[in-house]
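Chains V and S, in that order, are what the protein sequence lines are.
Taking numbering that gives the first Met the number 0, the leading residue of the first sequence gets 0, the next gets one more, and so forth.
Taking numbering that gives the first Met the number 0, the leading residue of the second sequence gets 0, the next gets one more, and so forth.
A hint or two may mislead.
To list a few chain V residues with every Cβ distance to chain S over 12 Å, as calculated [what the hints assert, rightly or not]:
| # | residue |
| --- | --- |
| 1 | GLU15 |
| 2 | LEU19 |
| 3 | ARG43 |
| 4 | PRO57 |
| 5 | GLY139 |
| 6 | ASN141 |
| 7 | GLN153 |
| 8 | ASP163 |
| 9 | LYS170 |
| 10 | HIS176 |
| 11 | SER187 |
| 12 | THR217 |
| 13 | ALA237 |
| 14 | GLU251 |
No farther apart than 25 Å at their CA atoms in a straight line, the calculated lysine-lysine pairs in the BS3-like style are these [said to hold, decoys possible]:
| # | chain 1 | residue 1 | chain 2 | residue 2 |
| --- | --- | --- | --- | --- |
| 15 | S | LYS436 | S | LYS454 |
| 16 | V | LYS4 | S | LYS36 |
| 17 | S | LYS616 | S | LYS10 |
| 18 | S | LYS36 | V | LYS41 |
| 19 | S | LYS586 | S | LYS623 |
| 20 | S | LYS681 | S | LYS454 |
Listed next, with one range per pair, are the computed distances between beta-carbon atoms [what the hints assert, rightly or not]:
| # | chain 1 | residue 1 | chain 2 | residue 2 | range |
| --- | --- | --- | --- | --- | --- |
| 21 | V | GLY203 | S | ASP473 | 39 to 49 Å |
| 22 | V | ALA283 | S | ASP49 | 51 to 61 Å |
| 23 | V | TYR7 | S | TYR633 | 41 to 51 Å |
| 24 | S | ASN179 | V | ALA98 | 48 to 58 Å |
Just so you know, these hints were derived from the structure itself, not from any lab.
Don't be surprised by glycine CBs; every beta carbon is placed ideally from N, CA and C.
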Amino acid sequence: MIPTKFAYRRAASIDEAIRLLQESGGEAKLLAGGHSLIPLMKLRLSEPALLIDIGRIPDLRGIRERDGLIEIGATTTHHELATSELLRRLAPVVSEAAAEIGDPQVRHRGTIGGSLAHADPAADLPAVMVAIDAEIHLKGPNGWRTVPAESFFQDLFTVDMQPDEVLAAVKFRPVWHAAYAKLHQRASHYAIVGVCAALAIENGTIRSARVAVTGASTHAQRLPNVEERLVGRQPTQAVIDEAASVAGDTLEDVNSDIHASEEYRRAMVKVFTRRALERAVARA
Amino acid sequence: MTTMERPVLPKLIGARVKRREDPRLIRGRATYVDDIKLPGMLHLAFKRSDVAHGRIKRIDTSAAEAMPGVVAVFTGKDLMALPGATRPVGARGTYAAKIGAGLPPMPIGTPFPSPDHYAIAPEVVRYVGEPVAVVAAEDRYVARDAVDAIVVEYEELPAVVDPELAMQGQPTVIHEGFPNNLALPYVPMGTGVDPATGQVDNSAIDRAFAEAEVVISQRMVNHRVAPNAMEPRGVVAHWDAGKEFLTIWSATQNPHILKSMVAAVLGLGEHQVRAIAPEVGGGFGCKINIYGEEYVAAALSRILERPVKWIEDRSEAFMATIHGRDLICYLDIAARRDGRILGVKMKLIADIGAYNMLLTAAIPTLTMLMASGTYDIPAIRCELTEVFTNKTPTDAYRGAGRPEATYFLERGMDMLARELGLDPAEVRRRNFIPKEKFPYTTQTGAVYDSGDYEKALDRVLQLAKWDELIAERDRLRAEGRLVGVGLAFYVEVCGLGPSSSLPTGGWEHASVTVERDGRIRATTGASPHGQGNETTFAQMLADLFGVPIEHITIEHGDTGVVRQGIGTFGSRSQAVGGTALMMAGEKVRKKMAKFAAALMDANEEDLVFENGMIYVKGSPSTGKSFAEVARYAYVPVPLPPGLEPGLSEEAFFEPPNNTYPFGAHICMLEIDRETGEPRLLKFFAVDDCGNVINPLIVEGQVHGGLAQGIGQAMFEEVVYGPDGQLLTGSFMDYALPRATDFPWFELDRTVTPTPVNPLGAKGVGEAGTLGSTPAVVNAAVDALSEFGVKHIDMPLRPEKLWRIIHGRGQA
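With the sequences and hints as input, model every part of the structure.
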């Protein structure tokens, strides 16, 4: 549990962090809450030569509403998400999902940006960001770039991000009829399966539906066949049941480990899709 | 001296005194092994095998040795001074002269034949995590980096993982001279077995099964778990070359055993070794064993003439500290239709891992010893086979053999009740050993000291409101929920001694000194590491001497201070160590009474020790202060005839027998029909540990035991892959229970004192693990009864339960 030797620099600004990343020639890692990176370093699965601490850059932290969008800085902790009055009012699913991450220690250190950039296949927030159609805001040497969450997560621990880019913020529109349902892995409290459903319901009809799953496969992704069975229909139990019954059928590379076989995970994708949809619809 | 108004001191035995240890522990002011820093100290790191079974073809330590800050690297052959050593014998001056032929194989504490086990594997590695080399370096980071620079080539051998295949020699044999991997081929115990000759007469057990109206048969696994003390292991060794004296600090449960064994292995006299267990952050049995790292640290300090430190990290702890349990049982119960048991057979297969450790071989024999449980069973036959596999060795883990016995038997009792359609409480009641029959000798030779099992059963049924609980379960079931209620009864063997049952000796030692100022310093050979004996032992002395508890210090864990001792394990501290302490205290009190009598011109038999005074019964105003009498004992002018000066005495207590505490646990559990996730709704425990010194500490011990017993039933499991790789090597995959996994524990007690020690105390450290595990699994089987399931092997992984509910068969 002792990492290899590394240098440490604290960046005072996003631009300084970018400059340090460029200078490192790909040997540096950004450090925010450290709750994914430090364990990997202690196990010597990651051996960066330089850690660039972005944890004290003021612009990167906080939750605000601006021009009809909710903006969350990358170094905002899970605890801050879970207890945010603004999120409880405008996007309660984000708070609720954050409250189910790990344990209190993890929630007080771990950050949203770290979780998204690390892209653990069983992390909770990626599924939420995909479902609520969040934009990931990245800054690099050539300025700002925006990536939809859906295309940000590409594969196992793989995201659309250059080695000299900093994930600065996520932005999304307020979302009410959304919910996250999760089967906890009892050791790590990562998701064996986590499903986030985000619906737009107008005059008793589902106008749009985005449903995303984490834990089941290599990365968070949408369940299009579920969404198709929801749009344009009334949010009745029968409709929910029908949609949930096909959840995961399109998934490939479903995970199998000592905690859950592929068969069980596939069954749980259906159960937790239904639970997420029920809660999303039930939100008064 | 004028008489002063003195506060009335409360009696402390039986009081809920808060632990005196906690303020320093909670505030980070305690000194653990890793807090010890000596000038010139080197840091050790071990290169460990990453294959389960293999022959070392080549070890290249040159790159590691060339790293700045690395002082030396030793392989197994180097330390054994064997041909082929990369470091020649005699390196660093006089290595050969210092430790002769090198480190011998590690001694064990059981009398069975055992393969050689070296602290660092010289030729063959037999589990993932076995040391193959050690680095000594100027700091811990360099030491760890150097480990990565050591290159080891293995000829991989087939990994032996399944104990029932291992018994057939498949896929290979791990140790020469132990065909079919049988560490212990066959040990019978029980009815018809002559313990002296090993002769077996089957007539009684065969008759029981021939006469049976119903037979229950089930294979069960009490699976492997990792102890996970909050503080991993650690050792600091300091060889003082000038004095030729070794001081060794270790996170151990028994520094006196450590001292004896380190002396023996290093070829030193016991007068040349001082072992210190500083603050120790939990043991749960895993810190009884004396480990290779302790011998290596001592040897390296001697070779290099520098203090050395090794601190285990959590990844190492998962693979290099002993595991617990791992016992397969083929259980058969013969009974009449009225529920009365005629006979029990337990065929036990213990997967002990790669080597015998200190007590490894003995642990499953305790399962056989306790096979009768709380029941009057006329015929019992146990048969034990112990098997080597390519896994971390097993040894004592909280309960050590007794939870396994309880689990198998109590699962069987529930299966019997279900088969006969009887209430699970009733079928137990019909088989209880009646209280008139104590002391009771079981068919496996245990002599139960005292018991009143019906009383404890009645108490727990009352506590849980059994009839209402069953009604509630049925009401919830009617709503479609999968809810079950589980009951388990247990009897435990505690207070280990006597010496006939422990190769170390089964006594305990204590000393009590009243200092010149009347303050009291006592030592105990028990070595508490979370048990709270600094509090309970001080409570006893406070009452004995009538002084404030703040005036008493209990010292422990240092062989330089505590003259003799055995240690803390087998729930023995209070029953054995506490008795020794009272014996020493009473000797001092008696002598002090003689001094007081001389000072006051009174009769010593008439004196009372109370509220900081010693006085003639009935006239407290004429007394002397405790401190004044103490001063007189150290400056005795005049010296009373027949007395030596001073107030310091010691005592050894050898108990005539073990103690047998018991109890009953009930829980209610719900299983999510869709996901298979289990959730505990209620938990009730009645434990009878005899007389209680401090109920707060007893309840704390029960809480901890319940957490580990429930943890095993629901979450914890060491898993190996088919190649012998450890798949649960971190807390990301090994699930320890958390506070949020438990409901409120409803506790109660009955009190049945033991006659085997004057305190009447039995021991409670391990008890919680015994009843809780089967209670939880019994509840889970009850919850899934609509699916016709008779038994579920632990732990209650959601997928396993989901497969039962949804008829999906095995994964």
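Against the structure, the hints come out as follows:
The claim that GLU15(V) lies off the interface holds: its Cβ sits roughly 28 Å from the closest Cβ of chain S, which is beyond the 12 Å cut-off. Annotated as non-interface, LEU19(V) keeps its C-beta farther than 12 Å from every C-beta of chain S; the closest such distance is 23 Å. In this structure ARG43(V) is not separated from chain S by more than 12 Å, as the shortest Cβ-Cβ distance comes to only about 7 Å. With a least CB separation of 32 Å from chain S, PRO57(V) remains clear of the 12 Å interface cut-off, as annotated.
The non-interface label for GLY139(V) is consistent with chain S: the shortest C-beta to C-beta separation is roughly 32 Å, beyond 12 Å. The beta carbon of ASN141(V) is kept farther than 12 Å from every beta carbon of chain S, the shortest such distance being approximately 38 Å. The Cβ of GLN153(V) sits about 23 Å from the closest Cβ of chain S, beyond the 12 Å cut-off, so the non-interface label holds. With a least CB separation of 29 Å from chain S, ASP163(V) remains clear of the 12 Å interface cut-off, as annotated.
Residue-level check passed: LYS170(V) sits 32 Å from the nearest beta carbon of chain S, beyond 12 Å. No beta-carbon of chain S is positioned within 12 Å of the beta-carbon of HIS176(V); the least distance is around 22 Å. Taking the minimum C-beta to C-beta distance to chain S, about 4 Å, the non-interface status of SER187(V) is violated against the 12 Å cut. Every beta carbon of chain S lies more than 12 Å from that of THR217(V), the smallest distance being close to 18 Å; the non-interface claim holds.
The non-interface label for ALA237(V) is consistent with chain S: the shortest C-beta to C-beta separation is roughly 18 Å, beyond 12 Å. With a closest Cβ-Cβ approach of about 20 Å to chain S, GLU251(V) is found to remain outside the 12 Å limit, as its non-interface label requires. Of the pairs offered as hints, the one joining LYS436(S) and LYS454(S) holds, with about 15 Å between alpha carbons and a cut-off of 25 Å not exceeded. Straight-line distance between C-alpha atoms of LYS4(V) and LYS36(S) comes to about 23 Å, which keeps the hinted pair within the 25 Å bound.
For a cut-off of 25 Å, the pair hint linking LYS616(S) to LYS10(S) stands: about 17 Å separates their Cα positions. For the hint linking LYS36(S) to LYS41(V), the alpha-carbon distance of about 23 Å falls within 25 Å, and the restraint holds. At most 25 Å may separate the alpha-carbon atoms for a hinted pair to count; LYS586(S) and LYS623(S) meet this at roughly 20 Å. Proximity of LYS681(S) to LYS454(S) is assessed by CA-CA distance (about 21 Å); at most 25 Å being required, the pair is judged to hold.
Between GLY203(V) and ASP473(S) the Cβ separation comes to about 40 Å, which falls inside the hinted range of 39 to 49 Å. A hinted range of 51 to 61 Å holds for the C-beta pair ALA283(V) and ASP49(S), which are about 55 Å apart. At roughly 59 Å, the beta-carbon separation of TYR7(V) and TYR633(S) lies outside the given 41 to 51 Å, and the hint is violated. Taking the beta carbon of each, ASN179(S) and ALA98(V) are about 54 Å apart, inside 48 to 58 Å as hinted.
The structure shown violates the earlier hints numbered 3, 11, 23.
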